[in-house]
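So the sequence lines, in the order shown, correspond to chains L and Y. Per the working numbering, the very first residue in the first sequence carries number 1; after that it's consecutive. Per the working numbering, the very first residue in the second sequence carries number 1; after that it's consecutive.
Please keep in mind that the hints were generated in silico from the structure rather than gathered at the bench. Virtual Cβ for every residue (Gly too), placed ideally from N, Cα, C. Treat each hint with caution, since some may be false.
What the hints assert, rightly or not - Computed footprint of chain L on chain Y, listed as stretches where at least three residues anywhere in the stretch have a Cβ under 8 Å from a Cβ of chain L:
no., stretch
1, 105-111
2, 196-202
3, 208-222
4, 253-261
Unchecked claim - Partial selection, computed: residues in chain L whose CB lies under 7 Å from chain Y:
no., residue
5, 83
6, 134
7, 136
8, 137
9, 139
10, 140
11, 141
12, 142
13, 144
What the hints assert, rightly or not - So the derived list for chain L, only partly shown, Cβ under 10 Å to chain Y, looks like this:
no., residue
14, 104
15, 121
16, 132
17, 135
18, 255
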Amino acid sequence: MATVAGALAGGLGAVGRVGLGVARHAGLLGRLAWRSGVAIVTGKMAFRDFLHQCYAMGLQSLPIVMVTGTLSGIVTSQQGGYQFTGGIPLYVLGSVVTSSVILELGPVLTAVVLIGRVGARITAEVGTMEVSEQIDALHSLGRDPVAVLAAPRILAGLLTTPALVGIANLIGVIAGMFAAKFTVHLGMESFLYGARSWWHSYDLFYSLLKAVTFGFIIPLISVHMGLLTRGGAEGVGRATTNSVVFMIVAVLVCDAMFPPLFLN
Amino acid sequence: MADHSHDPHVEHHGPVHQVSDRPMIEYREVYKTFDVPVLAGIALTVRAGETLTLVGPSGTGKSVLLKTTIGLIMPDAGDVIVDGQSVVTADRAQLEAIRNKARYVFQGAALFDSMTVYENIALGIDEPTTKKLGRKEVLRRVVAAIEDVNLDPHVVLNKLPSELSGGMRKRVGLARGIVGEPQILLYDEPVTGLDPVNTAAVGRLILDIAARTKVTSLIVTHDIEGALPITDRIALLQGGKIRFVGTPDEFVRNDELLVRAFAHRSEAEVAAELLAKGEFSLS
């Protein structure tokens with residue numbers, strides 16, 4: 001009896017601790033987002049760093065985003081072609097590839113790339129600043145770390161991610177079209193006919209809305225986790241790993257919430 | 001304890017300059033606990049224009065106390081009063097005003113990696129003053145601060161911190177502290193990692209700045225020998241409390257083993273031996 005009560009108490013304690021942890025992160029994230037927004041609106045954001053972040057997040061991510069966009073289009077086209085051959089008219093493949101890339105693969109794969117390339121870097125960078133007292137130095141010099149570090153990264157994420165997703169979408173569809181031609185011999189006109197037949201302009205808006213959401217939460221979480229870093233080089237490594245896991249879960253949860261919220 | 005203050009045969013330690021009676025920094029029963037209690041009721045006053053050196057065993061919260069001065073760490077209980085303003089109850093604007101009065105020289109320099117030496121040091125001048133001075137005057141002050149810390153402005157001005165040696169970074173951190181001519185300078189191990197010549201040079205610089213600008217200085221250091229000639233008073237922190245406060249002369253002539261262990265190298269050896277036997281404790 002005592003063992004059962006002990007296990008129950010332990011389980012409740014664990015749930016309570018997780019709940020407290022989630023509430024703490026949510027509170028800190030909300031405050032960081034609010035203060036970043038205020039810094040952007042009031043013009044206190046470090047503008048030079050914003051330009052630098054646009055370059056690092058946008059231009060420097062472009063090659064890998066183009067590669068993943070291309071491959072996502074090719075893979076979708078090849079698998080769709082394999083499944084449709086002999087059963088469904090092949091021009092439907094145009095719609096399947098276009099919808100898959102624009103609604104799902106373009107935004108999500110771009111987000112995953114940005115988590116690995118940008119989010120991890122931001123957490124490691126801010127975490128290193130935290131453990132080497134650079135954040136304390138900013139405070140001591142009367143500079144607000146939110147205005148200097150968080151605001152430029154969040155605004156850069158908000159602006160560059162939709163652009164990257166747009167490019168990934170375009171390249172994915174084109175790559176899918178060429179893949180369809182070479183694998184199942186579907187002509188480009190037939191592919192485009194299929195794409196146009198089931199096209200909704202809203203899909204593009206939906207895709208870019210996802211991009212804006214991911215472009216907001218990736219830098220937000222990565223800066224937040226960086227600021228929570230404690231304990232030297234090991235702490236930076238731990239914070240970066242936790243941050244990547246946190247960002248992936250957050251992106252996938254948001255992704256799962258999009259269809260019921262915006263498609264039905 | 002014998003009074004040697006007027007004895008001409010006893011070597012005098014400490015600087016000779018006027019210190020006001022006005023308190024600039026007051027620690028009022030400051031408590032701070034992390035996993036274990038670190039500060040357990042610190043009561044200490046630093047007067048305007050005074051140079052006070054804080055010594056004590058490693059890990060006893062000297063840097064924590066220094067950080068409470070400008071609210072980088074908030075006390076669990078007690079208060080820190082800087083120039084009449086409570087750090088604990090200060091709102092954002094008041095805390096910013098306190099931070100603009102003080103500059104903190106970090107142990108590891110804490111330079112911003114993405115900025116040049118010039119940009120790092122220029123940050124030491126607060127934003128309103130920077131706007132008022134203009135680019136040329138800011139550059140002139142940055143160059144003067146670099147020269148003050150024995151660096152060549154032509155060599156280091158446009159370099160990134162990653163291109164400097166540890167000692168050079170340390171001195172750039174010091175230049176960032178002094179460039180804005182603050183009312184309060186908080187030094188966290190200012191000479192650790194420096195060679196003897198630069199250690200002496202930094203000591204002279206601290207003394208010179210104190211004499212020239214009447215700045216209130218609080219120095220955390222393990223370099224007692226270097227601190228004695230430049231400090232007005234020495235405080236010893238141990239076990240979360242201030243165990244001794246007095247002039248350098250009083251410090252070197254104190255009879256307590258703990259104080260002697262910090263004041264004299266030979267006594268430190270004795271204390272280390274007793275520590276190994278478990279007959280003496282630093283915690």
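### Assertion that chain L covers the stretch 208-222 of chain Y - criterion: three or more residues, beta-carbon distance below 8 Å
violated (count 0)
### Query
Was the hint right that residue 255 (chain L) lines chain Y, CB cutoff 10 Å?
violated (33 Å)
### Message
Given a cut of 7 Å on the nearest C-beta pair, is the interface hint for residue 144 (chain L) held or broken against chain Y?
### Response
With a closest approach of 9 Å, the residue 144 (chain L) hint is violated.
### Query
Are there three or more residues in the stretch 105-111 of chain Y whose C-beta lies within less than 8 Å of some C-beta in chain L?
As far as the stretch 105-111 of chain Y goes, the hint holds, because 5 residues have Cβ atoms under 8 Å from chain L.
### Query
Okay, the stretch 253-261 of chain Y and chain L, do three or more residues pass the C-beta test at under 8 Å?
Check failed, 0 qualifying residues.
### Query
Hint check: is the beta carbon of residue 142 (chain L) less than 7 Å from a beta carbon of chain Y?
holds (5 Å)
### Query
Per the CB criterion, is residue 141 (chain L) less than 7 Å away from chain Y?
This interface hint holds because 5 Å falls under the 7 Å limit.
### Task
Would you settle whether the hint for residue 104 (chain L) is holds or violated, based on the nearest Cβ-Cβ distance to chain Y being less than 10 Å?
Since the shortest Cβ distance to chain Y is 36 Å, the answer is violated.
### Message
Tell me if the interface restraint on residue 136 (chain L) is satisfied: Cβ within less than 7 Å of some Cβ in chain Y.
### Response
For residue 136 (chain L), the interface hint holds, since the closest Cβ of chain Y sits about 5 Å away, which is under 7 Å.
### Message
Given a cut of 7 Å on the nearest C-beta pair, is the interface hint for residue 139 (chain L) held or broken against chain Y?
### Response
Status holds, d = 6 Å.
### Message
Next item in the hint list is residue 137 (chain L). Is there a CB on chain Y closer than 7 Å to its CB?
### Response
For residue 137 (chain L), the interface hint holds, since the closest Cβ of chain Y sits about 4 Å away, which is under 7 Å.
### Agreement of hint residue 135 (chain L) with chain Y interface, Cβ distance less than 10 Å
holds (9 Å)
The structure fails hints 2, 3, 4, 5, 13, 14, 15, 18 (numbered hints given earlier, in ascending order).
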